[in-house]
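All chains should be modelled from the sequences, with the hints used to inform the complete structure.
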Amino acid sequence: GAVVSQHPSWVICKSGTSVKIECRSLDFQATTMFWYRQFPKQSLMLMATSNEGSKATYEQGVEKDKFLINHASLTLSTLTVTSAHPEDSSFYICSAETGVTTEAFFGQGTRLTVV
Amino acid sequence: GENVEQHPSTLSVQEGDSAVIKCTYSDSASNYFPWYKQELGKRPQLIIDIRSNVGEKKDQRIAVTLNKTAKHFSLHITETQPEDSAVYFCAASIWGNTPLVFGKGTRLSVIA
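Protein chains in written order, with this note's numbering: chain A, 490 to 604; chain B, 3 to 114.
Read the hints as simulated data drawn from the structure, not as lab findings. Computed from a prediction, not measured in an experiment: that's the story for all the values here. Glycine included, every Cβ here is placed at the ideal spot set by N, Cα and C. Some hints could be false.
Have a look at the derived ranges for each label pair, beta carbon to beta carbon [what the hints assert, rightly or not]:
no.: 1; chain 1: B; residue 1: T12; chain 2: A; residue 2: S498; range: 26 to 32 Å
no.: 2; chain 1: A; residue 1: E592; chain 2: B; residue 2: D29; range: 18 to 24 Å
no.: 3; chain 1: B; residue 1: E17; chain 2: A; residue 2: D554; range: 47 to 53 Å
no.: 4; chain 1: A; residue 1: S507; chain 2: B; residue 2: Q62; range: 44 to 50 Å
no.: 5; chain 1: B; residue 1: L42; chain 2: A; residue 2: S572; range: 27 to 33 Å
no.: 6; chain 1: A; residue 1: A491; chain 2: B; residue 2: E41; range: 18 to 24 Å
no.: 7; chain 1: B; residue 1: D61; chain 2: A; residue 2: K503; range: 42 to 48 Å
no.: 8; chain 1: A; residue 1: K553; chain 2: B; residue 2: D19; range: 28 to 34 Å
no.: 9; chain 1: B; residue 1: E41; chain 2: A; residue 2: S562; range: 30 to 36 Å
no.: 10; chain 1: A; residue 1: K544; chain 2: B; residue 2: Q83; range: 43 to 49 Å
Restricting the straight-line Cα-Cα distance to at most 27 Å, the calculated cross-link-like pairs of lysine-lysine (DSSO-like) are [what the hints assert, rightly or not]:
no.: 11; chain 1: A; residue 1: K530; chain 2: B; residue 2: K44
no.: 12; chain 1: B; residue 1: K44; chain 2: A; residue 2: K555
no.: 13; chain 1: A; residue 1: K503; chain 2: A; residue 2: K530
no.: 14; chain 1: B; residue 1: K39; chain 2: A; residue 2: K530
Structure (structure tokens):
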């Protein structure tokens, strides 16, 4: 199957700093990638849809100025959590579809802890 | 937008018994219904999926049924094993058009 690689797998940062998470499709081109957030013992909640070469589409309640998404190429999307606070601590995970099969391929996820 | 409800939230079964998890969806246009297994701290793993043009799909011990009229779909795991213990999520989407919307998850515990 297709491979989506996400880095870092975990990160600890100080409150007020920014953290960048990368999501790469390794063996296919992804015009669209999705970013989800998962709090402990909860489901995956869609944060935004990342479109190559255009602005991301954010879900209601997600601050676009806080969660910056850049999809500069067909194989890379990045999520930057700016001015992180402890309440942003969560599991962030990206996914992409090849457009050939119905399956969505997920990155490994990033465990963000803000202290 | 789509809303997916999943029940039960927790499920305990004896090893060898069957487990059934049910989901309902709201958007009649949804046509793709995957099921994921997620272990702690890991990415969701697709275990089976079904498209709206079929009513049932089976893969060894795992099966999914879909009732488009009632807008619900179910996951059936037979002959459960301890390694089946995990959190299971259902999801729905209009394939190629909308992102996956997930249910809240079911924590399955298989007791040896």
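Looking at the structure, which of the earlier hints fail to hold?
Structure breaks hint 8 only.
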